[in-house]
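**Student:** These are the residues of each chain, in order.
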Amino acid sequence: MTHAVAHHTSTGLDNRKLAFWLFIGSECLLFGSLIATYLVYEGRSVAGPTTHEILNIPLTSISTFDLLMSSLAMVLALAAVARGDRLWSRVWLATTALLGLVFLGFQAYEFTHFVHEGLTLQVNLFGSTFFVLTGFHGGHVFVGVVWLVTLLIRSLQGKLGPDKALNVEIAGLYWHFVDAVWIVIFTVVYLIQRQ
Amino acid sequence: MHLRTFKQRCSAKAVAVGLATFAAFGLSACSGPFPQSTLDPVSGFSNDLADLYSTIFWWAVFVFVVVEALLVYAVIRYRARPGQEGEPRHVHGHTALEIAWTLAPAVILVFIAVPTIQTIFKVDGTPDEGALEIEVIGHQWWWEFKYPEYGIVTANELHVPVGRPVAFTMTSADVIHSFWLPRLGGKRDVIQGRTTRLALTPDSVGEYMGQCAEYCGSSHANMRARAFVETQADFEAWVERQLTNPPPIDSLDGLVQRGAQVFTSIREPANHSCIVCHRIEGLSYGAIGPNLTHVGSRTTIAGGILPNTADGLRRWLRDPPGEKPGEMLGRSMPKIDLTEEEIDALVAYLQSLR
Amino acid sequence: MATSVVEHVPAAAAENRSGIWSWITTTDHKRIGILYGVTAFVFFLLGGLEALIIRAQLASPNNTLVDADTYNQLFTMHGTTMIFLAVMPLSAAFFNYIIPLQIGARDVAFPRLNAFSYWVFLFGGLFINSSFLFGAAPDGGWFGYANLTSKAYSPGLNIDFWVLGLQILGIASLAAGFNFVVTIVNMRAPGMRLMRMPVFTWMSLVTQFIVITAFPVITIALVFLMFDRFFGTNFYNAAAGGDLLLWQHLFWLFGHPEVYILILPTMGMVSEVLPTFSRKPLFGYAVVVYSGVLIAIMGWGVWSHHMFATGLGPIADSVFGATTMLIAIPTGVKIFNWIATMWGGRIELKTPMLFAIGFIAMFIIGGLSGVMHSSPPSDLQQTDTYFVVAHIHYVLVGGAIMGIFAAVYYWWPKVFGKMLHEGMGKAHWFFMLLGMNLSFFPMHFIGLLGMPRRIYTYDTALGLDTMNLVASIGAFILGASFLIFIYNVLWTRKNGQIAGKNPWNAATLEWAISSPPPVYNFSVLPTVSSRLPLWTENGVSEIPDVPPEPVHVPGGTVWPIMTATGILAVATGAIMHTLWIVVAGSLFVVFSIYRWAFEPFEV
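Residue numbers (the numbering used here), protein chains in the order written: chain H, 19 to 213; chain F, 106 to 459; chain B, 19 to 621.
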């Protein structure tokens, strides 16, 4: 964000891009630990609501689709920035952020609904593992939205030209990663429910 | 051998240091007995472990001697000497050597791995036919033992007949502890919500000490256990005594009866009343502290840290947290406001519960 | 394209380089390295003091020097301090100072992130040690097993300090991990192929990969514990159906790779010192490098050897026993290659070399007791006893700390421009070797004869009084040896002999420049054509004393320490259970990150 010139590197990859891929690798282990714990504890709750009683697959499918579409918007945003298209940079950045907010909205609804149905962090193992896993993911989406809005504001200030495409690319890497993690969570938690 | 150079004196000093160290601990180590020694086994289980350790130990000694000797030799032989000219030959590697010193340790490891895996399956805790089942429950900071075969519940000490297999089925009432009587066998953690097992057959009559081996809070150091391996006759006598209920309170007299009265008295605050936490058959049904029905028959009290004498009992009753630190949210024995007269009475009563 | 240029003339660059503010805002890897080193050494002394009190308490049976709760805090903080606040940051001091010099770079990839790592480390260390002021130092052991650490069994602030402190420190380590991987992979000078890099840089690279993969796992383990304690979740709640072993699996999945984080850099340090003082190259360079990589990978497959007493079952025991035995092979290979390096050489027994040789000798012992632990049935008698204490201290004190001091004496001239006193160095080494053997060797026996770990007292009936006394005496001798080092440092400041560029006549790039190096490290980035640039004819291009063109040196910035302060505020708010401080701290972190992101800063 501050460099006018990319420095020469041993691999040819920009330092920031390489750093970000390493960060994503690290995050894989973070979410991996959360998902593994969820799986290990599946079916072990002794009381309280469980997956079959409370998860709403149709509704969550919509929010999943929404997040997938947001990744598409992100790709289009990067393309727009790279070709210097100021209008569509802003449109697609805003769209991505908006779709992210919609996902968070669905999640907020889901969480409050579950609490009303008696599933809380404290009531059983499922409550603890479900809310912490999906909550961490939601937190990551939130950070992504803030990042995107920041980029949007920079674009509106005229400071997001093609020379800044790498910044948008890295934001895109993050966004796609968060989306990919959601696909895994959706599959493991919602679609494949063990007895 | 006249040691002239500084470096020769350095090497000699290092060797001297090493020998002095070994001598120091060696001499200090030679003063037995060691009641919790893992090298003095009294069961098939601990024998198997000691044998396996011995195998590994001697391989380790062999590797140690060879490798340290190579190191020391290299340092002494190739030390720079005054007047030496030129650089040594630059050798970058040697493939055959690399293969050799990769394979050699691997081969040695096979000699360790095979007996290891054999022993793993041999001592995996599967109970033998006709084993005496003992349930072990770890508490902060005492061990509870139950004999389902007989309906016995006791604490701190267990009795087993020599030569009969024992099957321990274990869990914890609170945090993770580890049940360990070294001469009888290896340790096994006890974990709330899980059942762990040990299986062993004691082969020598005697008294064997142990203690908790997993850090479990303030008085982890004070959580001790003792096993009495006895002849069949002695064991049966012990069982019979454990199954005999104490006489009713009104058949007692003198100080002993006074003690029973103190034991059953309701105190302020309520959880300072003995009956709230302790069980004595026919008298009280508390389930928090150890069962005291036959406390007089034990050699130790308070999780094994005090002798079961009048003196030991008095020390304990005067100030339990002082003897055994760790206030545990009303789960450990509090300091109870007892007069010396009440303590004397309690001591007499508790000692009568054989 | 606009680039801000700072005159290469030292006087102009120096205007921003004196005074405390210049240190607080520094982004210079050399200064950050010194900060890490000094801070870590202070924590090392603190951890050592904790150890001495422990040994004083255990010098006699039924001793009452400290009470049970104090003792339990002391051994917990001793472990936590030595691992996270001493050994890791002492290695980090060398990562920071030496790696850019060894690869021919001017700084690390992200200098501000580098500064951030240091400040977060410092604040994390201060945070966790501030617990002593409240009489609530962590007391669950450095490994914090559930469910002892749950609110029910540890109701005080002790474990909260531990959880929050470790999370802060984790941030520092992760940030540094990303930074150094990118630096080593991406910022090597022309000709510095990966297989030409010094082994220290290689081992550091491997270590950082372990950091960025292992720390997320303990982060989650701690998140679960924090949520259990703060919000009543059930991750470590057996009554709700939780499995207490979940903590142990997550912790040791981190914890075992962690010990390789502790030892691999020091193996790299030793791999630098041995060739220099043998006057011949490292034997089997490629094998030493690959064995380090193998150890890092295999280190992920052994974690349950810490759980052999938990009743995992014979198949799990067999598998983990086997993987643990296997990892002895690449470790042994390194040792043989080190000995072969010395073989046929012309060995100069200077202080760094003495420490490197001491490392090998002591690590052999620690490694062999490790092989004894690798056999599950055998381990059933050894685990949780003083036998393990002996093992870990042979590998960590005899290994890691000796390796670090080899590096300290080796690179001191480069960093400070002066030679440490040789005689005092040798005395330090001698008493350290004597003290550690006298202290830790008897512990093998103390453990085999039945004394468990982590007990604040023991009974004379065990028959271990004399051995414990001997071990305690050894500990005090070991402690005293570091006083010699401290005196040496102070003496050298005034009287130390000036070091030239390459006082040891070593082969690697850092010795091609002045001692200490100029702020920009290399007047021109060198081109390298050999693994041993200074020992090879035309191994490195000429590096003029004065830069032919002005060299840009980035200035200082306050945002790394500001962001770190925000993180400290969040942790403080959390332990005070005060939401507005957490929120304010978080907002300040975000604010500082934005200022950091948008300030003009050129690498």
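No lab work stands behind these hints: they were computed from the structure. By construction, the Cβ of each residue, glycine as well, lies at the ideal position given by its N, Cα and C atoms. It is possible that some hints are incorrect.
These stretches of chain B come out as covered by chain H in the derived footprint (C-beta under 8 Å, 3 or more residues) [as the list claims (entries may be wrong)]:
# : region
1 : 198 to 211
2 : 224 to 236
3 : 248 to 254
Reference listing, derived: stretches of chain B covered by chain F, where coverage requires no fewer than 3 residues with Cβ under 8 Å from a Cβ of chain F [what the hints assert, rightly or not]:
# : region
4 : 293 to 301
5 : 347 to 358
6 : 399 to 411
7 : 583 to 589
8 : 606 to 618
**Student:** Take the hints in turn and mark each one as holding or not.
**Tutor:** Evaluation of the provided hints:
1. 198 to 211: Three-residue rule met by the region 198 to 211 of chain B, so holds; n is 7.
2. 224 to 236: Coverage by chain H holds here, the residue count being 6 at a Cβ distance below 8 Å.
3. 248 to 254: holds (count 5)
4. 293 to 301: holds (count 5)
5. 347 to 358: holds (count 8)
6. 399 to 411: Coverage by chain F holds for the region 399 to 411 of chain B (5 residues, Cβ < 8 Å).
7. 583 to 589: violated (count 0)
8. 606 to 618: Coverage by chain F is violated here, the residue count being 0 at a Cβ distance below 8 Å.
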